[in-house]
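**Q** Hints in hand, dock the two standalone chains.
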Amino acid sequence: MLSAVVEGIGYWSGGLPSWDAARAYALGGADVADAPSRPSPLLLAANERRRAPETVAVALDVALAACQAAGRDPAALPSVFASSHGDMAITDYMCSTLAREPRTISPTRFHNSVHNAAAGYWTIGAGAMRPATALSALEASFAQGLIEALAQLAAGDEAVLLVGYDGAATGPLAQVAASRGLLGAALVLARPDRRGSAAGPRLRAWLGDGEASAADGKLSARETGNASAAMLPLFEALATRHDRLALPAGAGRILQVELAHD
Amino acid sequence: MPPLAIRAYTATTALGRGLDAQARALRERRSGLRRNDFAPLAPGEAPLDCWIGRVEGVEEAPLPAHLASWECRNNRLAWLSLQPDGLPEAIAAAVARHGADRVAVIVGTSTSSIGATEEAYARLEGEDRHFPADLSRPLLHTPHSLGAFVAAATGLNGPCVTVATACSSSAKVFAQAARLIQAGLADAALVGGVDTLCGSVVFGFNSLQLVSSEPCLPFDAHRVGLSLGEAGGFAVLERCDADEAPGSLQLRGYGESSDAHHMSSPHPEGLGARLAMVDALARAGIGAERVGYLNLHGTATPANDQIEAFAVASLFPPTLHASSTKGWTGHTLGAAGIVESAIALLALQHGHLPGILNSRVPDPANGPQIRFDNAEVDIDYAMNNSFGFGGNNCSLVFARA
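Going down the list, the sequences are from chains R and V.
First residue of the first sequence: 1, per this note's numbering; consecutive thereafter.
First residue of the second sequence: 1, per this note's numbering; consecutive thereafter.
With the Cβ distance kept under 10 Å, some of the chain V side facing chain R (calculated, not the full set):
1) Thr109
2) Ser110
3) Glu119
4) Gly147
5) Gly158
6) Lys172
7) Gln182
8) Val202
9) Met263
10) Leu271
11) Ala276
Read the hints as simulated data drawn from the structure, not as lab findings.
Note that the structure is a prediction, hence the values are computed from the model and not measured.
Glycine included, every Cβ here is placed at the ideal spot set by N, Cα and C.
Just chain V, same shape as in the assembly (with noise of 0.2 Å):
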């Protein structure tokens, strides 16, 4: 494929808003997971025993009065993540390059505003049980509220769509991008992701036993299960200029497939995976061997880590360091993307590869790339897994010019 330049790019975690603090806290190993203080809406009901990355402030910063109409803790979060690291001015400069009508703006999410859906529910009126008026306003019902409400706040107005296949959205967003800016139909793209914590994740991922009562532990012989958080990140792509500064990052590859085998776990052998990650490098046109970082999707829950490391050994040489970043995080879930992305570009960056948080005890499964401690090292391409529900896998490389 032909690289796109990466203009600008930002996530907003558990850990902080926008790189400075990702990179810091990875740096100096400092975890942004809590004792989980999520009040479940229905009456008498305790929060769910469990940990979680839950962006600090959110509540305490309202939408500017002339995105009022857009409330909700999802618009909120994708709002905050819209400011840091330059990204306001990559968006104005992208605008002044091509016209908002040839920026593009393809985000992804898994549950988009339902924490409002499900508010809305909790506080039903009347006998006919309707909505409260706060909450009777249509845009925030629906998937395409995410999108919608990029679209609004920065005045893009190219071809707007929100992905939803789970925990790989954010990540499927650079690759259709990519096809978008190939086809003609933008010269640049806004991508990215957001998701919240809300009961519908904290409980759906309950029933399916899948949470941690501890922080998670990814890779580790006793894990058991995962911390859910919350996050929003975006980056800025374009078509790259005929001399791009060295240095400079690029998105040079993207892989996608499907398991064809389960809703919620994944293909035994990790054929799916693998074949994301293997279409990923044949598109940047490079070996595995070439892969200084990458980024696992590594949810700590003992199938998906398993056969991800499996996949990964299977096809990379003992000197990848591969690592999980949801000890510092959480699986920020449809974000999940978008947020190691950032993780991987910042390792392409500086040279500051993350290992993983928490975990101890290898599991005798993980191959040698699995790495738990930090490592500082200079490194040519980055890659980064994101697989989600449905058995739908993407894989991006990024590569420095």
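Next up, chain R with everything else stripped away, as it sits in the complex (with noise of 0.2 Å):
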């Protein structure tokens, strides 16, 4: 079985900046009024945050966050990004510039268009030399970053920050691959051994079969376009103090994980 104490959480969407925000409106409040319309990762220099893809800001931003919660530098630790497109808006660059003038290509955005943006752009701006990585696993992507987190502790990391994300889809492409608003949310896990008497909640979790939990929690009816969306029931639980859940895993296998609230 796989444990973790969950350290320190972040969360960004349009309306929600943080994970304070998104708690309180799990737990029946309001939007924040006056909320950013885009996250601002302080990572980032100046000029680089402006120009960064929106994916890549939500993430660093979450990321942070959580690190800042979780009282971890960030150059500690390694990483682990979850999306399942990662950015459809250079996706859709990419491909309307090689369907007219492919000589065109802009070499910032190829370089900004693989998968693992993200963890690139977090690790330049953590100073981390950790190792990070990038996966994808559609519905299943963040369950899947999730046993790939609690492996790494598994396998002897004292903590591991894990980000789900993803942002929405744009030009024709978005006929095939659904994706709605922009969302991330992030988290600190540390070996539960090494942290007896450590604030935060400890998850188990283990793979199984059966129906994932139904997405209808506040955050999940919010975010339902999204297509890191299924990650939200942990983070419902995680706000309302509930203690079981179940993410989906892929090909109808479930992510079962317990929580033991403080």
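**A** This is the structure in structure tokens:
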């Protein structure tokens, strides 16, 4: 059985620009008035912050928030970035340009088109030379990322950063790869045996067969169109102190998650 | 780490399908590169003036009828790459032993089936610019197309994920599988990777001025850039039994790191590369002097090779035989990790160590480790380096039991 302590949480969506805001909303609150329309990741230099694709911006914003909440140095953590589609605005740009004028592809847009762009900018911004990975598994992306993060702890790492994010589909691609809005959430997970008295919920997880939890919480209801919304039952449970949920893990399988709150 | 047994492995590249085709071309020093005949999708555009490593016959090899909904170049190449070298039998044996739920599918790619998305954009229909019917299939237009297809094609039902860290992708799958098996989430894993030629990579690398107009010359003083290729490959990993047959192949170590430097140029002192290699050796529990062959990332771009040569020289004795095999296959991007692991495993199995193809004038910055000629030496350990955009590095150590 895999297990971890949830040391820190980060969250960003339009109208809920922090974990505090998301938790308050999940417990019956409202959107934050005058919330920013786009995350502004402090880890990047000012000009890069403006130019970064929105998926990179949201991933870095929630990653840093989770590290700060955990009191962990971002440079010291290995990281796992899970996203169903990466940045679809860039995919739309690449495919449109290739269909018309392939020799005019922008070099910056090309290197930002890799699925590990967020992971790359994170390691550069944080100065983290620890391993970083980027993965995709459709609606199971976050569950598979959680499995990899927990396996890293089981293999000996003390703490690991896990980030889930997806942005909006644009252009013709939106017909076949539906995703709306911008959503990111992150966890810093630590080995339970090293932090006997640490604050934070304890998480246990195992693979099984069955149905994923109904996405009927307040956060899920708000973000139904986002490709990363499948991760939200976990964040709802963290906010509302529920103790059991199941995330879709792909091909009819589920990741059972049990939470023990302080 | 506990060693993992490699029950089967295979690669399909511009050199042909399966290990025999790879081994023969490596021994005969015969390149799979050809002048670029990969037509752009934009009307009136000529192919880029460069050389490519294209897999023969993909166009004439449609997927079997029961997998027809997955039809695209990348999944075709995945299917072709799943057939040789006893891989289906090794997958069946793992399922018989552990059950399909306990065998993971962990595959790497850089662009997956984005070639299908590019084609859909070139063939948009109607005033609302919609995808043509044959390409209106969501599972073709997402990075996980590869992992989901491989699971569907093999019937494996353990954890299934697509790793997409650019050119380190299908090396990192070995590390991820090792952790998953160690953590008890699976008893065996099908790992591998597939990447196909597409406009995104050909014109993308061209935009960075990293593509050579001649066949690539890794570690040559006159190298100017890379040759792009496509490939697929797989391996079946399983926990070792108490009595592994002497000489059987194993994964002994992995090391991963980040450069923390730049999205598309390597750390100037090769610190990330060095960290990955040191970590892989430490996990394997061996000193650098035990490694007999190192397959370098060696893309033939001026900066990458210089930095890798520097990192290798700082770590290994002059006795190491290190080479880049990209002159044979081209840079197969997200498939480079599995293809070059297969080449390292062939060197370990048969003692034929490849040199570097086409390169003639060693860069003065090369250490004595970097060899242009092939050699015949029995070795105990082989290593593979794969480095990707985002400063993402992975090194693997293989050994014979």
